[in-house]
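Produce the entire structure from the sequences given, and follow the hints as far as they go.
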Amino acid sequence: MSLRQFFAGGAMAVLPCLALAAPQSDIEAIRAEIEALKRQYEARIAALEARLAEAEQKPAAPRQEPAGNPATAFNPAISLILSGTYAHLQRDPATWRLDGFLPSGAETWPGKRSFSLGESELLLSANIDPYLRGEFMLAASPDNEVAVENAYLETLALPAGFTLKAGRFYSGIGYINEQHPHAWDFVDPPYAQQAFLGGNRAEDGVQLKWLLPTDTFFQLGLEAGRGAAFPGAERNKNGVGAWALTARLGGDVGVSHAWLAGLGFLSQRPQDRRFEAEDVNGNWVENSFSGRSRLWVASLVWKWAPEGNPKYRNFKLQGEYYRSREQGDLTYDLSHPVTDAFRRAQSGWYAQGVYQFAPRWRVGLRFDRLSAGTVEAGANGGQLPILARHDPRRVSLMADYSPSEYSRFRLQLSRDEARRDQADNQLLLQYVLSLGAHGAHAF
Amino acid sequence: MLRIVLLLLTLTALPARAGLSVFACEPEWGALVRELGGERVTVYEATSGLMDPHRIEARPSLIARARNADLLLCTGAELEVGWLPLLIRQAANPRIQPGQPGYFEAARQVNLLEVPSRIDRAEGDVHPLGNPHIQLDPRNILRVAEALAARMGELDATGRGLYETRLADFRQRWLKAITNWERQALPLKGVAVVVHHKVFTYLLHWLGMQEVAVLEPKPGIEPSAAHLGRVLEGLRQQPARLILRATYQDERAADWLGSRAHIPAVALPATVGGSPEARDLTSLFDDILRRLLAAGSQG
Chain H
0 MSLRQFFAGG
10 AMAVLPCLAL
20 AAPQSDIEAI
30 RAEIEALKRQ
40 YEARIAALEA
50 RLAEAEQKPA
60 APRQEPAGNP
70 ATAFNPAISL
80 ILSGTYAHLQ
90 RDPATWRLDG
100 FLPSGAETWP
110 GKRSFSLGES
120 ELLLSANIDP
130 YLRGEFMLAA
140 SPDNEVAVEN
150 AYLETLALPA
160 GFTLKAGRFY
170 SGIGYINEQH
180 PHAWDFVDPP
190 YAQQAFLGGN
200 RAEDGVQLKW
210 LLPTDTFFQL
220 GLEAGRGAAF
230 PGAERNKNGV
240 GAWALTARLG
250 GDVGVSHAWL
260 AGLGFLSQRP
270 QDRRFEAEDV
280 NGNWVENSFS
290 GRSRLWVASL
300 VWKWAPEGNP
310 KYRNFKLQGE
320 YYRSREQGDL
330 TYDLSHPVTD
340 AFRRAQSGWY
350 AQGVYQFAPR
360 WRVGLRFDRL
370 SAGTVEAGAN
380 GGQLPILARH
390 DPRRVSLMAD
400 YSPSEYSRFR
410 LQLSRDEARR
420 DQADNQLLLQ
430 YVLSLGAHGA
440 HAF
Chain V
0 MLRIVLLLLT
10 LTALPARAGL
20 SVFACEPEWG
30 ALVRELGGER
40 VTVYEATSGL
50 MDPHRIEARP
60 SLIARARNAD
70 LLLCTGAELE
80 VGWLPLLIRQ
90 AANPRIQPGQ
100 PGYFEAARQV
110 NLLEVPSRID
120 RAEGDVHPLG
130 NPHIQLDPRN
140 ILRVAEALAA
150 RMGELDATGR
160 GLYETRLADF
170 RQRWLKAITN
180 WERQALPLKG
190 VAVVVHHKVF
200 TYLLHWLGMQ
210 EVAVLEPKPG
220 IEPSAAHLGR
230 VLEGLRQQPA
240 RLILRATYQD
250 ERAADWLGSR
260 AHIPAVALPA
270 TVGGSPEARD
280 LTSLFDDILR
290 RLLAAGSQG
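Read top to bottom, the protein sequences are chains H and V. The first sequence begins at 0 in numbering that gives the first Met the number 0 and counts up one residue at a time. The second sequence begins at 0 in numbering that gives the first Met the number 0 and counts up one residue at a time.
Dumping the calculated PhoX-like pairs for lysine-lysine here, alpha-carbon to alpha-carbon at most 25 Å: (1) K310/H to K197/V; (2) K197/V to K217/V; (3) K310/H to K217/V.
If you are wondering where the hints come from, they were derived from the structure by calculation, not from laboratory data.
In structure tokens:
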């Protein structure tokens, strides 16, 4: 309803009331007066409307940003991730282990049976000044333990394509290692990441990345850290405990395809890296490894989106190959120590495809495979059954539904053969929710 | 080894080219910077006219191009919030950081419509600063052009004279074109339309057309059958003559409603390259008006 109609309507509504109180001749006079008033109003409203139209036509002055509340304007962006699962597991999850491989400390998957809270992540990030940006991520585990997953500074203004990170951050070795757990396409991480990096490997250290000035994406990275994270161990020494080198190459093929390939190398010398394992008699004993540990990771990610428009349909193919070599001494049962030479050369890979076939729906399939390779444990070989040869494998099928970009509900079915001679059929239901100012995910 | 190091060093020390290297987030700004810079600018467009600029990823190819740009030219107003902040960070290019002269947001030059009064994710994908799809009002294009030419002159002092001359030429052609389009569009004044997403707000505002319904139940949330049913019901009370969608949006919802409500569903290029006819800024508006008038005369 326009202003004009509104006033005319108002005038009409007044009329019948007046008609009850006054004789016919007076009514004529009042009617004339109202007509005059109405015309007056109409003229004034028309003038107002004309001025409004004129104001709209004028070119706008450049817009000033609203300053916001000065007390909160500089607050960091806050994002909270909530997740939870319902798990139906055929085998007791307490017995879950990657047989054939040294425990890495990441044996928290596939989690507990029945309902359980997933990891809650709190992320804060902001520019510190024109030169630095800071990011902080706290992960609260369902067992009420809090861990600082990430806390680092990142440079914004280094010349010539350099970026420096310092603090605690997810290592750039491999593709999935830099992803936060809420960005995974499956409920659980790949075996290879668990076995060789101990889950998401976060290092305390520095990372220097150099993006080359080429039209094809080409990035080189160097990381130096304390070397406390698996496959390293806490060491009370000055200097650098772990070195990592990374190279990434990426580009587009036509408008519908994009790819990213990576190669990483990690080298460190863990001293007294401890792990618990069952001995031949079924007793839990603490053991330790000291020596040299090297890891190579090759990764490839290929994405397809028709006309480069991923909203309706897209496909993502992702695969990584890990190869680890460790050489040194293994000490069995620290309460009655027996030390002998130890050497292992093992590998593993996963490949997964996720297809979004409609705006809110995706399905995915993942193959996981570890290869026990060669393990030479000398006198200790017979003592630790976990070191007996086994090639864990798993197939996972996933379907998820995302009502919006900020919520996701997932069903996953897995056939898990991590344990020797014991296949575990798993059904997992999961929600992942993102509250607040959630930043974009990397390619 | 030494040879490799030397090669890498020469790569980093590539001599600065004359003119400007521009990274344009959307094709309309790529087209505009070409109008103003001519041969003096090299332009890389991050999205094509068939892509939804809300929903792309910071792909490696984009990061590599942003690394070498002198000027990053985007819509802003959080249209690219899903990928641009990450892209700028990964590109490790201090020239294009927000606040630097090499960072230019077109939406800052115009008055934004539909600034939400309530900011809550329950309202869908709302843009707190207002509707960012400013490019379909040609008067906005001119405002952006004025500020952009000044910024280009600031970044490339040698080219300033050229940019000013080309701006003056563009302004003259553009004002004439606007008058022409407004004359052609007279029959469209007051025409009621249904839109798929609020990408045409500025176009409708300019031409005096009226938006009576939106196919998306909330911004950024795809049309559901239930919501389309309600829109169809609503059209009985308040009829519309056209249904508009951008060519990058799925046609099913618009076509479904069109066949039920017996009104034509029209796909419009939302930017340069959104249709084969929309080759540059002028032909973009020519094509939009041609499509609107053709459908309007059927409806």
